[in-house]
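These are the residues of each chain, in order.
There are 2 protein chains.
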Amino acid sequence: MDKPAPVTAAMLAIGDELLSGRTKDKNIGHLAELLTAAGIELREVRIVGDEEDHIVSALNALRQGYDYVFTSGGIGPTHDDITADAVSRAFGVPCLYDDKAMALMAAHYQKRGVEFTEARKRMARMPQGAEHIDNPVSVAPGFVIGNVHVMAGVPSVFQAMLDNVMPTLRKGRQVLSRSIGCPLPEGDIGEPLRAVAQANTAVSIGSYPRFTDTGFANEIVVRGTEQSDVDAAIEAVQAMIDDLVARRAG
Amino acid sequence: MDKPAPVTAAMLAIGDELLSGRTKDKNIGHLAELLTAAGIELREVRIVGDEEDHIVSALNALRQGYDYVFTSGGIGPTHDDITADAVSRAFGVPCLYDDKAMALMAAHYQKRGVEFTEARKRMARMPQGAEHIDNPVSVAPGFVIGNVHVMAGVPSVFQAMLDNVMPTLRKGRQVLSRSIGCPLPEGDIGEPLRAVAQANTAVSIGSYPRFTDTGFANEIVVRGTEQSDVDAAIEAVQAMIDDLVARRAG
Numbered sequence: 001m002d003k004p005a006p007v008t009a010a011m012l013a014i015g016d017e018l019l020s021g022r023t024k025d026k027n028i029g030h031l032a033e034l035l036t037a038a039g040i041e042l043r044e045v046r047i048v049g050d051e052e053d054h055i056v057s058a059l060n061a062l063r064q065g066y067d068y069v070f071t072s073g074g075i076g077p078t079h080d081d082i083t084a085d086a087v088s089r090a091f092g093v094p095c096l097y098d099d100k101a102m103a104l105m106a107a108h109y110q111k112r113g114v115e116f117t118e119a120r121k122r123m124a125r126m127p128q129g130a131e132h133i134d135n136p137v138s139v140a141p142g143f144v145i146g147n148v149h150v151m152a153g154v155p156s157v158f159q160a161m162l163d164n165v166m167p168t169l170r171k172g173r174q175v176l177s178r179s180i181g182c183p184l185p186e187g188d189i190g191e192p193l194r195a196v197a198q199a200n201t202a203v204s205i206g207s208y209p210r211f212t213d214t215g216f217a218n219e220i221v222v223r224g225t226e227q228s229d230v231d232a233a234i235e236a237v238q239a240m241i242d243d244l245v246a247r248r249a250g
Numbered sequence: 001m002d003k004p005a006p007v008t009a010a011m012l013a014i015g016d017e018l019l020s021g022r023t024k025d026k027n028i029g030h031l032a033e034l035l036t037a038a039g040i041e042l043r044e045v046r047i048v049g050d051e052e053d054h055i056v057s058a059l060n061a062l063r064q065g066y067d068y069v070f071t072s073g074g075i076g077p078t079h080d081d082i083t084a085d086a087v088s089r090a091f092g093v094p095c096l097y098d099d100k101a102m103a104l105m106a107a108h109y110q111k112r113g114v115e116f117t118e119a120r121k122r123m124a125r126m127p128q129g130a131e132h133i134d135n136p137v138s139v140a141p142g143f144v145i146g147n148v149h150v151m152a153g154v155p156s157v158f159q160a161m162l163d164n165v166m167p168t169l170r171k172g173r174q175v176l177s178r179s180i181g182c183p184l185p186e187g188d189i190g191e192p193l194r195a196v197a198q199a200n201t202a203v204s205i206g207s208y209p210r211f212t213d214t215g216f217a218n219e220i221v222v223r224g225t226e227q228s229d230v231d232a233a234i235e236a237v238q239a240m241i242d243d244l245v246a247r248r249a250g
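In the order they appear, the protein sequences are chains S and A. One point on numbering: in the working numbering, the residue at position 121 of the first sequence is 121, and numbering is uninterrupted. One point on numbering: in the working numbering, the residue at position 217 of the second sequence is 217, and numbering is uninterrupted.
Take these hints with a grain of salt, some might be off.
One copy or two, either will do: identical chains are not told apart, so a pair holds if it fits within one copy or between any two.
[Unchecked claim] EDC-like cross-link-like pairs, simulated, lysine to aspartate or glutamate; straight-line CA separation at most 20 Å: (1) K24 <-> D243; (2) K26 <-> E118; (3) K24 <-> E219; (4) K26 <-> D163; (5) K26 <-> E219; (6) K121 <-> E191; (7) K121 <-> D231; (8) K171 <-> E33.
Simulated from the structure, these hints should not be mistaken for laboratory data.
Same shape as in the complex, but just chain S:
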């Protein structure tokens, strides 16, 4: 059976507050986890500010380079929310008040006794031809045009929108992952681990050190699309570690 082709993705996070340090992004890691679980390979992330030219050029680079693009931020009701305009310009279509979104939002605000201000109406604007991404948290929808999925920056809304997007995506090769805690520091295992990696080219092998209270801890992660390849590489890593530990003891 032929393996399915890889499905690739990029993310564009939009907002001055991410670049000033005022807000620490929480959406990139969440998207990465869900895409990985779906076998979709997140290959690149960019963060840009609320500047239309910059959003347009980044978006055009990413949407031509990857199967899917996901954006966060800039779709609220205030003057610094310019993502709908930028996406429209990137696709060369007008940015219009969407009838269905206007009706949804008008009903929502009426029910709550809240005025449907001009600012709120701005959230119904999207590129001509875009489809809605439902927003169960605060109603104003995100949207999809071409391969670009435009979502809110507030994490709870981003996550709710993404939950609605995930079932619509083409699934890629499921990436299987196994890991081993390694009692030896990276500097001791670097060369033998390289030899294992070179002998197991069907998988990717990563080494991830981190500081703990008692010094460095190290984890070796093997990722691949075939269980037998992953298992064989993990066995080779384990044998390598056992051998090094035995030599130290000997």
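Since the structure of chain S is provided, determine the placement of chain A on it from the hints.
The following block gives chain A in isolation, referenced to the frame of chain S:
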């Protein structure tokens, strides 16, 4: 007195683990805070995996577009640490074992009774002509070549290296910031806030909603390089809020 020119920066975070969701980046927000405090404008961030062609193309785009570039990740001892090679290729110079780094690290490991393995020696490799960034945590240095500052991905090491880099950077226009908590939702203030923004073009005005236990909270942030401009805009925002609140009560 003329204002100093803006000083701009970009960041390139490198590592498969950031794109798989295994590791949540902690360096972008930290860099953003320190640059903002120094008046240096972080304009763009990219995250790419451990793939040399991709690192080279992203780095060449960023180093030509901004005054400074900061990278994180990929300078450890294992086979998936390829940042030094990629940066060398981007600059068109050989990647060499640096004599000073070799001497530093040899002395460090000898003192601790740790073997200076081929893997550890890899951490002394850097582009020909690069200068060290001292690493007080684990000795193996980062490096600077041209306008590119190459640092570790482990947050404690990244932060320690960045502390050594910050005093070497040209300072930009200090950005002053004031904020007001706003009792009204964004949808109510969007249009009047746009008018305030259009009347105060010397500053940038952002509106940042977030969910709380009791619904949306909203904060208006004014940023600019002149205290008088920031103060005038904050007064205008406050007057706008007071006016809207009075109308609601009236």
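Hints and how they fare:
1. K24 <-> D243: neither (43 Å within a copy, 33 Å between copies)
2. K26 <-> E118: For K26 and E118, neither the intra-copy (30 Å) nor the inter-copy (38 Å) Cα distance is at most 20 Å.
3. K24 <-> E219: Classified as between: cross-chain Cα gap 16 Å, same-chain 26 Å, threshold 20 Å.
4. K26 <-> D163: Within. Shortest intra-copy distance 15 Å satisfies the 20 Å Cα cut-off; inter-copy 25 Å does not.
5. K26 <-> E219: between (24 Å within a copy, 19 Å between copies)
6. K121 <-> E191: The answer is between: 11 Å across copies meets 20 Å, while 60 Å in one copy does not.
7. K121 <-> D231: neither (55 Å within a copy, 30 Å between copies)
8. K171 <-> E33: within (14 Å within a copy, 37 Å between copies)
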